[in-house]
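Enquirer: What follows is the residue order along each chain.
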Amino acid sequence: MLEVKDLHVTVEGQEILKGLDLTINAGEVHAIMGPNGAGKSTLSAVIAGKEGYEVTQGSITFEGKDVLEMEVEERAQAGLLLGFQYPVEIPGVKNIYLLKAALNAQREARGEGEMPAPEFMKLIKEKIAFMKMDPSFLQRAVNEGFSGGEKKRNEILQMLVLQPRLAMLDEIDSGLDIDAMRVVAEGINSLRSEERGVLLVTHYQRLLDFVVPDQVHVLVDGRIAKSGDADLARELEARGYDWVVEESAA
Amino acid sequence: MASEEMEQLVRREYKEGFVTDIESDTVPPGLDENTIAFISKKKGEPEWMLEWRLKAYQQWLKMTPPSWAHLDYPPIDYQAISYYSAPKRDEDRPQSLDEVDPKLLETYEKLGIPLHERAALAGVAVDAVFDSVSVTTTFKEKLHEAGVIFCSMSEAIRDYPELVKQYLGSVVPQGDNYFAALNSAVFTDGSFVFVPEGVTCPMELSTYFRINERNTGQFERTLIVCESRAQVSYLEGCTAPQRDENQLHAAVVELVALEDAYIKYSTVQNWYPGDEDGKGGIYNFVTKRGDCRGDRSRISWTQVETGSAITWKYPSCVLRGKHSIGEFYSVAVTNGRQQADTGTKMIHIGEGTRSTIVSKGISAGRADQSYRGLVKVGPRAKNARNFTQCDSLLIGDQCGAHTFPYQEIGNSTATVEHEATTSKIGEDQLFYCQSRGISEEDAVSMIVNGFCKDVFQELPMEFAVEAEALLNVTLEGAVG
Amino acid sequence: MSDVQSPSDDVRRFLARLTDRNASRGPEPTWITARRQAGAARFEAMGFPHRRVENWKYTDVRAIARNDFAFSDDTSFSPATAAALTLPIEAHRITFVDGVFSAALSQLDELPAGVSLLPLSQALDENHEAVGGPLGRLTGVEFSPFAALNTACMEEGAVLRLAPGTLVDKPVVVQFLSRANDAPVMSHPRILVEAGARSQATVIEHHVGEPEAANFTNLVEEIILERGAILAHYKLQEAPLADLHVASIHVEQGRDSRFTSFNLNLGGGLVRNDLITELNGQGAEATFNGLFYGQGRQHVDNHTLANHNAPHTTSNENYKGILDDRAHGVFNGKVVVKRDSQKIEGYQSNANLLLSDRAEIDAKPELEIYADDVKCSHGTTTGQLDEEAVFALRTRGIDAQTARGLLTLAFAGEVLDQVGLDAIAERVERAVAGKLPERFNLAGLVETAAVLDEMAGD
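Going down the list, the protein sequences come from chains A, B and C. For the first sequence, the tail end lands on 250 under our numbering, and the numbers increase by one without skipping. For the second sequence, the tail end lands on 1480 under our numbering, and the numbers increase by one without skipping. For the third sequence, the tail end lands on 2458 under our numbering, and the numbers increase by one without skipping.
Nothing false has been slipped in among the hints.
Derived pair list, reagent style BS3-like, types lysine-lysine, alpha-carbon separation capped at 27 Å:
1. A:65 / A:50
2. B:1345 / C:2057
3. A:65 / A:18
4. B:1453 / C:2375
5. B:1279 / C:2338
6. B:1062 / C:2057
7. C:2435 / B:1382
8. B:1382 / A:50
9. B:1382 / B:1264
10. C:2338 / C:2375
11. B:1264 / B:1165
12. B:1322 / B:1264
13. B:1041 / B:1062
14. B:1042 / B:1055
15. C:2057 / B:1382
16. B:1043 / B:1055
Just so you know, these hints were derived from the structure itself, not from any lab. What you are looking at is a predicted structure, and each value in this text was computed from that prediction instead of being measured.
Just need the whole structure built from these sequences, with the hints factored in.
Expert: So this is what it looks like as structure tokens:
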């Protein structure tokens, strides 16, 4: 589904990713872990198409298409959706507008018509209830005045409504208390299916107790230094990152 | 009215037998074509310069003084002013510091002005105390080596007529405004700077060197040209209070920056502000404008305005070259009965042009102060950016502080931001300082200097220190 | 309408219309006649303002001055059109067609006790002396040539009086309908609001008309708020695009009174508003909210002034402008703090968005301060949309154009969020969405979202 090959990325002249390889198949949940500054957030930002990241070498393909050739919105319409570490506040733009416009754009890209209003409302109501959010939030501006936890829930809500093919969640667990973490994790788990991939970028293992990954990768100095299953995450929790760093340097 | 009265005036002067007497040191008060011819002749100017002046005069006759400024002063009788007077002879000047107003000397003391300069500033016959000739000579040699021309405007007209013809009036045309037209007609002298291509002027051109070239008079004319990749930093004025017999000052400063050139123009203006009731202070009507003619050129104005009874001054930048930069950093302090209407204009014409305006106004006593600024973005100025920060501080309840920013924006890619605040020195800030054992006066001075920090840091080092001292002296007695 | 006409010819043409009109008028109280004369004399002396006058620097009124407008007496208006144009809210309503009172289109029969809402002509008939005192006290003939012309020509308008302590249940709508006439007409309406102590009301001034109309409205409005009175004032400008509109609203605020203005400007070809408040009593508070949207060749000029004449007074201002095509916007906001008016807070914010390179905005936020214990600030920005927000929307699959449209709508939304009357907020939001360039393709979105909102409420 997603194939990243020998990816080199520089930001402001500095090379952050130095030849990263990653393959995610449909139905899989991958977790990328690693120490601060290893390039974890860079990876998801590059896949989503954020400006300021220069790909100097390598490729990213998604279901056979060259992602780097696609506009930001085309990537999202194709089903590549990024959950932000720091969700952007957009004063004045109501959540309901965002959801409606985004869903329409996706359906349009797939050649489907607009979702009828009653059906859309039913869908939204259901997802809001699932995320234990108050319906009044639909009329509020996107992320404006939201607490950290509310912003993260909102990211997951968008995922639930937009049903991406590959959901990339950048440090979705940071700043969450345990109750919010459970709700967010349930949201992610409900996205798991045979047709869908999930990429979790996280610094801590805690989230992975709730969302058990199929594969865990450790990112060190712009490369994947080690891969394994969910046990690797637990090992990292117990031993820290230093041993992987040393191992990869050796 | 005008034509008839003017005719009468002209007749009267003829009747009284006014003739241009080149030997005379002063002309009688009044302004007509004869006065201008007299000035031009006295300075040994070529014919084209006289014609240039007369053209300005013709335009001036048709103009009226501006009335839009937030200033209140009695109408000026331009026919009551004498437009040329030769420097005072030494025997008419104070012969030593003993003859100088002790209050003035006290101020010099506070500002830390070197002893020999005090005499010069107070108008004492200088050659006895200040060996300026040798200083000037070494200085001129160094500039000559670098290829920089730095001389008086009179010399420039004589020695570099082609450069003067090319650039004089090219930024501030003769008929630009009432005071510029008057200046163009009757200017007596000023400075001329020409920095050729690729040259960085080896020293800051400070007007300290001009102390001995004083009496450039009330109508000063300055022209600075930087060719491609040339750079210069020019310092005008002096922190010491300068006395002058002439009440009306109308200077014009023109700056031209070609491709990649950088001109930094710093001013400390501390003309006599008048007595407590504002009597006798200088009226300072100045036109300063820089033309960023070349791509990536940059002009930066920094000013500390503490003097004059009336200040009317808007150093401006015309950002013609692509990606050129204009800057304006200003501290203006008014106390007593002073009035200041000052600010800047940033005219964005070229693509990618940027400008920054930082203005700090402090008003105390019964003074009145206005910031007046224009940011204009033309249709071709794609991606132009301006940021303006404009703060006023009030000390006492009898003063006024006003802000009149104009924004005229005709380009959808422009980003223009203006922020302004007006406040007084916080009681809590004062209390905090005082509770640390600092006197109220020192606390005010600390806070005010902090308020002005953004501008002071733009000043050349030597000026910055003096500017802070100057601020304290100007605000003395502002806090009761 | 040739170029050689001097302004004085223009003035004479207007005065000739007035002379004819005066001849056809019945006897009037002497004070009215005297004021007409004073207004005409002042108008003649001042002439139409030209752009060398600071207050009119950015607004060219030749479109008014060079035209010839008749007075109108005709109130006929298609009931169906009127119904479509009228704000669909429960309200006490007084309607004028081209400035002439229309009883048929008004609804004045359910006024609660303590509230009097009358056409000016009727108020004068009932007790002209009671009108003569307050009328013209705030806006005299010196204010502007247009105020002088209005004083010379005034005939009709609305008089709203609230007895002390009255709370008006429903909004009071003062509706001005502009007709598509064979030849353009002019009207010089007056609005007088006297709100007694602790009274509370919402007034909606609504300008709307037939799309082909091209008339000139020259309005003078005076509002007096006694101690503790609270008034929300909406000016919803939806006049046809060829209509010409000059108006002043002058407010006098007593102690602890509160005045909130919403100046929502969508229509009109040439619109000039002057909004002035005199904060005369301690504790008085004024809030000015404004939104203007210009497209085509619309010209919208908003001048506001908050005069802090008493200590402990507060003013707050937030104006937003969106300009497209060749539209020209002007914002001039001024805060004046008089000497000895200590403990003042004055805030002003103005933000503008240019959607086209041929659109222009001239902004001038001014502070004029003569007291030291004040907290005053203003900020003006003109610029583009937040690119980070555009990116965030694009990562959700929304194309860049729609993202920009959404953000433009959001920009307007920051003013509309303050609007207390949902019906108006929604109407304006829909209008803004509908006016946004087609590439933004938002109208449908806002419509469905509004429907969804109603469903969510079920």
